[in-house]
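Novice: Going down the list, the sequences are from chains P and F. If you count the first sequence from 1, position 122 lands on 122 in this note's numbering, and the numbers rise without skipping. If you count the second sequence from 1, position 211 lands on 211 in this note's numbering, and the numbers rise without skipping.
Covered, in the sense of this in silico footprint (three residues per stretch, anywhere, with C-beta under 8 angstroms from a C-beta of chain F), are these stretches of chain P: (1) 19-29; (2) 90-97; (3) 231-237.
Please keep in mind that the hints were generated in silico from the structure rather than gathered at the bench. The structure presented is a predicted model; accordingly, all values stated were derived computationally and were not measured. Every residue gets a Cβ at the ideal spot worked out from N, C-alpha and C, and that includes glycine.
2 protein chains.
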Amino acid sequence: MSGRSIFGHVDISALREQFPVLGRLAYLNAGTDGPLPVRARDAAAAELERELGEGRAHAHFERRAQLSAALRQEYAAVLGCATDDLALTSGTSEGLSIVVEGLRLGAGDEILTSDEEHPGLLGALQAVRDLAGVRIRVAPFQELANAVTPTTTLVACSHVNWTRGAFAPAELAEVDVPVVFDGAQGAGAVPIDLAALGCDAYAAAGQKWLCGPDGTGLLYVGPKLRERLAVTRRSYANLADGSAGLAADLQPDARRFDTASLSAEAVATAGAAVGVLADFGWSALHGRAISLAERFASRLAEVGRTVAPRGPSTLVSFSSVDPEAERERLSAAGVVVRSLPGGQWLRASVGAWNDESDLERLLAALDR
Amino acid sequence: MSGRSIFGHVDISALREQFPVLGRLAYLNAGTDGPLPVRARDAAAAELERELGEGRAHAHFERRAQLSAALRQEYAAVLGCATDDLALTSGTSEGLSIVVEGLRLGAGDEILTSDEEHPGLLGALQAVRDLAGVRIRVAPFQELANAVTPTTTLVACSHVNWTRGAFAPAELAEVDVPVVFDGAQGAGAVPIDLAALGCDAYAAAGQKWLCGPDGTGLLYVGPKLRERLAVTRRSYANLADGSAGLAADLQPDARRFDTASLSAEAVATAGAAVGVLADFGWSALHGRAISLAERFASRLAEVGRTVAPRGPSTLVSFSSVDPEAERERLSAAGVVVRSLPGGQWLRASVGAWNDESDLERLLAALDR
Numbered sequence: 001m002s003g004r005s006i007f008g009h010v011d012i013s014a015l016r017e018q019f020p021v022l023g024r025l026a027y028l029n030a031g032t033d034g035p036l037p038v039r040a041r042d043a044a045a046a047e048l049e050r051e052l053g054e055g056r057a058h059a060h061f062e063r064r065a066q067l068s069a070a071l072r073q074e075y076a077a078v079l080g081c082a083t084d085d086l087a088l089t090s091g092t093s094e095g096l097s098i099v100v101e102g103l104r105l106g107a108g109d110e111i112l113t114s115d116e117e118h119p120g121l122l123g124a125l126q127a128v129r130d131l132a133g134v135r136i137r138v139a140p141f142q143e144l145a146n147a148v149t150p151t152t153t154l155v156a157c158s159h160v161n162w163t164r165g166a167f168a169p170a171e172l173a174e175v176d177v178p179v180v181f182d183g184a185q186g187a188g189a190v191p192i193d194l195a196a197l198g199c200d201a202y203a204a205a206g207q208k209w210l211c212g213p214d215g216t217g218l219l220y221v222g223p224k225l226r227e228r229l230a231v232t233r234r235s236y237a238n239l240a241d242g243s244a245g246l247a248a249d250l251q252p253d254a255r256r257f258d259t260a261s262l263s264a265e266a267v268a269t270a271g272a273a274v275g276v277l278a279d280f281g282w283s284a285l286h287g288r289a290i291s292l293a294e295r296f297a298s299r300l301a302e303v304g305r306t307v308a309p310r311g312p313s314t315l316v317s318f319s320s321v322d323p324e325a326e327r328e329r330l331s332a333a334g335v336v337v338r339s340l341p342g343g344q345w346l347r348a349s350v351g352a353w354n355d356e357s358d359l360e361r362l363l364a365a366l367d368r
Numbered sequence: 001m002s003g004r005s006i007f008g009h010v011d012i013s014a015l016r017e018q019f020p021v022l023g024r025l026a027y028l029n030a031g032t033d034g035p036l037p038v039r040a041r042d043a044a045a046a047e048l049e050r051e052l053g054e055g056r057a058h059a060h061f062e063r064r065a066q067l068s069a070a071l072r073q074e075y076a077a078v079l080g081c082a083t084d085d086l087a088l089t090s091g092t093s094e095g096l097s098i099v100v101e102g103l104r105l106g107a108g109d110e111i112l113t114s115d116e117e118h119p120g121l122l123g124a125l126q127a128v129r130d131l132a133g134v135r136i137r138v139a140p141f142q143e144l145a146n147a148v149t150p151t152t153t154l155v156a157c158s159h160v161n162w163t164r165g166a167f168a169p170a171e172l173a174e175v176d177v178p179v180v181f182d183g184a185q186g187a188g189a190v191p192i193d194l195a196a197l198g199c200d201a202y203a204a205a206g207q208k209w210l211c212g213p214d215g216t217g218l219l220y221v222g223p224k225l226r227e228r229l230a231v232t233r234r235s236y237a238n239l240a241d242g243s244a245g246l247a248a249d250l251q252p253d254a255r256r257f258d259t260a261s262l263s264a265e266a267v268a269t270a271g272a273a274v275g276v277l278a279d280f281g282w283s284a285l286h287g288r289a290i291s292l293a294e295r296f297a298s299r300l301a302e303v304g305r306t307v308a309p310r311g312p313s314t315l316v317s318f319s320s321v322d323p324e325a326e327r328e329r330l331s332a333a334g335v336v337v338r339s340l341p342g343g344q345w346l347r348a349s350v351g352a353w354n355d356e357s358d359l360e361r362l363l364a365a366l367d368r
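Bound-form chain P, shown alone:
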């Protein structure tokens, strides 16, 4: 199956058919968890059926390894990196922790971050602050590049921030210290050019814009950083030769950073979901989602909502007098958005799978 037309546009009805939730709800929540495609559910069911009937022994572990290799390839294509530089994780938080811990910073070090970061990154920063005495300095998101000083050891921030879909300053590509991006709202949502971003690591989620299961994720670690990055947690998956015991070497490539255990069914689900999207073509998907999100932003402004300053991303945060109450009312009307902490904003996540009808449903359901 392919939904790609010869003109590179997305065949939206074929795409939407993959996502049953779209037939019922105006589902605008991929910034939390994406819609799950039928093909992903079917892949999970097939793996579970195999495990049920055949058990989980030698052939099962070979199957898991094959599925993991295939998922690594799919994820690497999303980020445009080599498979050797791509680790499989349980999500963005784990990927960020692997990098922030692995640098083994201490009391003389400073991590620069922004005032609009997600708890997934803040948890990792908190840990090295509390346990290793690393200084965490917070600057306004848009000022990050200017805020780098000679005392800065690492920049850790969003590529696209979760609060309003703004992009990190392009000037971060020029700073002299390593940059790790929280790519939770980037991977799958917007085009990613790692070379242009100039980042050394990029951590992202499998369950958001890549429409996979909770508990999956991806971590790019560039070759330069890989040499510097200690492997702080080690399981069988990270060892090149587990049977060598305490003398075992680490995997030579990014598998040294892989999460300890992803089930065959989770990996198959994630891979099938990415496959559904890849079949339609990333460029066409990104173009469609970004322009649709722009339309959401314009129409929301027209009906009197303040739209938070954003980039050409897939998130649209708009003002609400009582976001939690309005979220619940929207949900009751079949429109799924999320409220943001702070009591002022609702956030609509707009994917290529959404369409004009979802926008109209949102507008009709809003309090005027």
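Following the hints, position chain F against chain P.
Specialist: What follows is chain F alone, placed relative to chain P:
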């Protein structure tokens, strides 16, 4: 459904019906991955169907939290501990890493371990050796209690070892330093009395003797150790109030050690699997499995195989001239065991779901 007879014996045919693989194979591999029960597959399918049709938003995260709380209760019942002391992990390796890292040992410290440990524990030990300069001292498994000296800071070893199903010396309950057990071959397989074991932490697997999915596990951390144990990795799941940003407090209980992200479908699968077993009654299951394993050991000895010294556990390791070739031949004959590194042993994992027919199939398929 309950398979418990009024006499506390296991209704074996009702139990075996839950495991379709047993209708085809003499499946003796729970020490790697247990057989998956029908009810667990059905629970996964139901969650995926819900996610497919309803999406994954507010109600989804409430459902995940409910499922996690229920699984924590099931796991706590397996170990006989309070739910407040039970963390959900991705497997034994992660649980062991959480403890070994969290003690923040350094160059003056020594971890005592044995010469028969699994790479899942050795990886964690290797990490603190290489990164923090902790000394790792290796003693014969059965000599561990005597090998504790004033320089020992922590004992980290199997409760039941994976190589031959022997038990750690009971005298470890009396040593003056913290003890963390690798319980991968303990939890679900044999009775566990944490107070009698005298351990401070017990890490185990969801996918082995608890018949759940890969990527699930449990970690007991006793109240005394919890206060000493730093939370080295922190995600949203570990924070009491993620919206407090860098000022967020850790969860007050063992949730501070929870793995970052377990999917609803994985948690539901794990919970349903444990539920199948719990319905039959742990005591009856343990009794049946341990006596059946003893019978495997006797019969294997009768046909001339050397059985490695073992305890009253569910693992039976027996000699083989060419274990890898014999494992493959057994597999072709529908008998699933594993070969162990070192080139001398095959290992049969005997669960309460196995029966005399599995033993006969194994014996018939062995080279004589």
